[in-house]
Amino acid sequence: MNTLIVVLGPTGVGKSAVSIQLAKHYQTEIISADSRQFFNELAIGTAVPSADDLKSVPHHFIQTKSIHDYYNVSEYETEAIQLIDQLFHAKNPLILTGGSMLYVDTICKGIDDIPTVDPVIRDEVIRWYNENGIEALRQRLLELDPEYYHQVDLNNPKRLLHAVEICLMSGKTFTSFRRNKIKERPFRILKIGINQDRKILYERINERVLKMMNDGLLEEAITVYPYRNLNSLNTVGYKELFTYLDGDCSLDEAVDLIQRNTRKYARKQLTWFRRDQDIKWFEPEQISEIITYIDQILNNND
RNA sequence: GGGGAGAUACCAAAGUGGCCAACUGGGUCUGACUGUAACUCAGAUGACGUACGUCUUCGUAGGUUCGAAUCCUGCUCUCCCCA
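So for the first sequence, the working numbering puts the first residue at 1; every next one is plus one.
Hints may contain errors.
Below, simulated SDA-like cross-link-like pairs (lysine to any residue); rule was C-alpha separation at most 25 Å, straight line [said to hold, decoys possible]:
hint	residue 1	residue 2
1	211	91
2	91	293
3	158	190
Pair by pair, the computed Cβ-Cβ distance ranges are [what the hints assert, rightly or not]:
hint	residue 1	residue 2	range
4	155	286	36 to 42 Å
5	136	215	22 to 28 Å
6	113	299	49 to 55 Å
7	295	132	18 to 24 Å
8	122	179	18 to 24 Å
FYI, nobody ran anything at the bench for these hints, they're computed from the structure. Ideal Cβ positions, reconstructed from N, Cα and C, are used throughout, including at glycine.
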């Protein structure tokens, strides 16, 4: 049976290093599930693997998009599943690595088929919301999709906006698209979680941010600064530097903020992964243990 | 040496007799999250308890008062100005 080894964990823990070692060991390829490493213009700040690493092991979905492209989880699901099926003809197991929780889940469980929102409708709804406020948005959702109204977090404008957009666009309720059905994949999924002591993780994160600065993160941020309003640039490491470039804080403060926000992100990732009982957790150095564990499962049945 | 200001919870910072276990922000912790998700949103944060609650806090030692973070006195420390 074909097996997809999913390597996940908080940012900065060393997932890439583990994945690359695993890929070399199993002579296979890596599929990225990182919603920011897609973007060609964001290499330093998203900790894309080094040129050597990229050369030594084939990677997919790394720097394949532009920050100007519209891209979402659903498109990713389609493309990645297609690629995985194709790669399985020649390689097995395959490795999926990434910290973007929703993207990882999408590969493992699938995501409902919801129409892509027409940008015109999106702009309209956002403008309407900016003019009328959140309470009006809630009321609008209540009219359009009372069922979802009672489920959503009514304080969360993003969720409200999206539901309203879908309703307006499709003429159906948002709920009607929410099947919430787990898609069965034609391959086995083996989740390997990488984590370590919180204190050490934080230290690693702090150091990694300083290293990014040394590697030219500021210069990278400057090149994309003109497009700062793009969603793809609402990204830790860039938005803080934009504040600095605006003259609203010092460089030191910006770096400090990047470190903090990266730690926050790591925490959110852990929160998300915590509820997934299928994950088998390891420390980043336990490569041999991980391989033993994987082999055990690979050899166990078919 | 003289004069002035101040010491509040992890940090910053309100509070200036009872409504104060103490506003608020940050940090930290926890959680939600099916469509640009490194997004967006929520809760907790002195201790013990699910909870009504009980106990210990506002530099420190005393005092005034029915009652003090808030008033008085001594002490310690910090900062500023003049020498």
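Now the hints, each set against the structure:
1. 211 - 91: Outside the cut-off at roughly 35 Å; violated.
2. 91 - 293: Satisfied, since the Cα-Cα distance of roughly 19 Å is no more than 25 Å.
3. 158 - 190: Judged against 25 Å, a Cα distance of about 32 Å means the pair is violated.
4. 155 - 286: 36 to 42 Å: The hinted range 36 to 42 Å holds for residue 155 and residue 286, with Cβ atoms some 41 Å apart.
5. 136 - 215: 22 to 28 Å: For residue 136 and residue 215 the Cβ distance comes to about 46 Å; the hint is violated.
6. 113 - 299: 49 to 55 Å: 37 Å, violated
7. 295 - 132: 18 to 24 Å: The hinted range 18 to 24 Å is violated for residue 295 and residue 132, with Cβ atoms some 59 Å apart.
8. 122 - 179: 18 to 24 Å: Since the Cβ atoms of residue 122 and residue 179 sit about 23 Å apart, the hinted range of 18 to 24 Å holds.
Checked against the numbered hints above, the structure breaks hints 1, 3, 5, 6, 7 and satisfies the rest.
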